[in-house]
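Enquirer: Sequence:
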Amino acid sequence: MAILIKSEREVDLIRKSCKLLAKVHKELGQYIRPGISTKDVDTFGEKLIRDLGCIPNFKNYNGFPAAICVSVNEEVVHGIPHREHILQEGDIVSLDAGLIYKGYHSDA
Numbered sequence: 001m002a003i004l005i006k007s008e009r010e011v012d013l014i015r016k017s018c019k020l021l022a023k024v025h026k027e028l029g030q031y032i033r034p035g036i037s038t039k040d041v042d043t044f045g046e047k048l049i050r051d052l053g054c055i056p057n058f059k060n061y062n063g064f065p066a067a068i069c070v071s072v073n074e075e076v077v078h079g080i081p082h083r084e085h086i087l088q089e090g091d092i093v094s095l096d097a098g099l100i101y102k103g104y105h106s107d108a
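Per our numbering, the very first residue in the sequence shown carries number 1; after that it's consecutive.
Calculated directly from the structure, the hints in this document are not laboratory data.
Please note that a few of the clues may not be correct.
Derived lysine-lysine pairs resembling DSS-like cross-links, with alpha carbons at most 27 Å apart [to be verified]:
| id | residue 1 | residue 2 |
| --- | --- | --- |
| 1 | K39 | K19 |
| 2 | K47 | K19 |
| 3 | K19 | K102 |
| 4 | K59 | K102 |
| 5 | K23 | K59 |
| 6 | K26 | K59 |
| 7 | K16 | K6 |
| 8 | K19 | K6 |
| 9 | K19 | K59 |
| 10 | K39 | K26 |
| 11 | K39 | K23 |
| 12 | K59 | K16 |
| 13 | K26 | K102 |
| 14 | K39 | K59 |
| 15 | K6 | K102 |
| 16 | K23 | K6 |
| 17 | K47 | K23 |
| 18 | K16 | K102 |
| 19 | K26 | K47 |
| 20 | K23 | K102 |
Computed spacing ranges between beta-carbons, pair by pair [unchecked claim]:
| id | residue 1 | residue 2 | range |
| --- | --- | --- | --- |
| 21 | Q88 | L52 | 25 to 31 Å |
| 22 | R9 | I55 | 15 to 21 Å |
| 23 | G90 | K47 | 22 to 28 Å |
| 24 | E84 | Q30 | 20 to 26 Å |
| 25 | M1 | S37 | 37 to 43 Å |
| 26 | I3 | Q30 | 37 to 43 Å |
Everything numeric in this text was worked out from a predicted model, so none of it was measured.
Ideal placement from N, C-alpha and C gives every residue a C-beta, glycine not left out.
Input sequences plus hints: build the corresponding full structure.
Expert: Okay, structure coming up:
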């Protein structure tokens, strides 16, 4: 497979995509608290992404039903958000999110 060299403009768009995703992560970190569901986290995260003019790149990818992967405690990665999964005090919450900005993906 060939390696494609990105133009300065493309690198700038990738950088912007990553900065927007960092903003989403920061706001999600402030939003997460005991008593909300992992589905609430996903809904809020998808709204943040769309409000930034971006597209959540995980949603419906290979059938994944959510915009944000929310893993709690022993869940390894790519946890599927559920309305019934309520966050508790002391839970360890891991997020994985991605977005598309002007055709350029970021994932963190």
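Enquirer: Give a verdict on every hint.
Expert: Here is what the structure says about each hint:
1. K39 / K19: Distance of about 24 Å is within 27 Å: holds.
2. K47 / K19: 17 Å, holds
3. K19 / K102: Distance of about 13 Å is within 27 Å: holds.
4. K59 / K102: Given that 27 Å is the threshold and the Cα spacing comes to 17 Å, the pair holds.
5. K23 / K59: Holds: K23 and K59 sit about 19 Å apart, inside 27 Å.
6. K26 / K59: Measuring from Cα to Cα gives roughly 20 Å; hence the hint holds.
7. K16 / K6: Between K16 and K6 the Cα gap is close to 14 Å, so the pair holds against 27 Å.
8. K19 / K6: 18 Å, holds
9. K19 / K59: Holds, at roughly 20 Å.
10. K39 / K26: Roughly 18 Å between the alpha carbons, so the hint for K39 and K26 holds.
11. K39 / K23: 20 Å, holds
12. K59 / K16: 21 Å, holds
13. K26 / K102: 21 Å, holds
14. K39 / K59: Answer holds: K39 to K59 is near 13 Å, not above 27 Å.
15. K6 / K102: 15 Å, holds
16. K23 / K6: 24 Å, holds
17. K47 / K23: 13 Å, holds
18. K16 / K102: 10 Å, holds
19. K26 / K47: Between K26 and K47 the Cα gap is close to 14 Å, so the pair holds against 27 Å.
20. K23 / K102: Holds, at roughly 17 Å.
21. Q88 / L52: 25 to 31 Å: Holds: the Cβ-Cβ distance is about 30 Å, inside 25 to 31 Å.
22. R9 / I55: 15 to 21 Å: 20 Å, holds
23. G90 / K47: 22 to 28 Å: For K47 against G90, whose Cβ atoms are near 27 Å apart, the range 22 to 28 Å holds.
24. E84 / Q30: 20 to 26 Å: This hint holds: roughly 24 Å between Cβ atoms.
25. M1 / S37: 37 to 43 Å: 41 Å, holds
26. I3 / Q30: 37 to 43 Å: Roughly 38 Å apart at Cβ, these two residues keep to the hinted range, so it holds.
Going down the numbered hints, you'll see the structure goes against none, and every one checks out.
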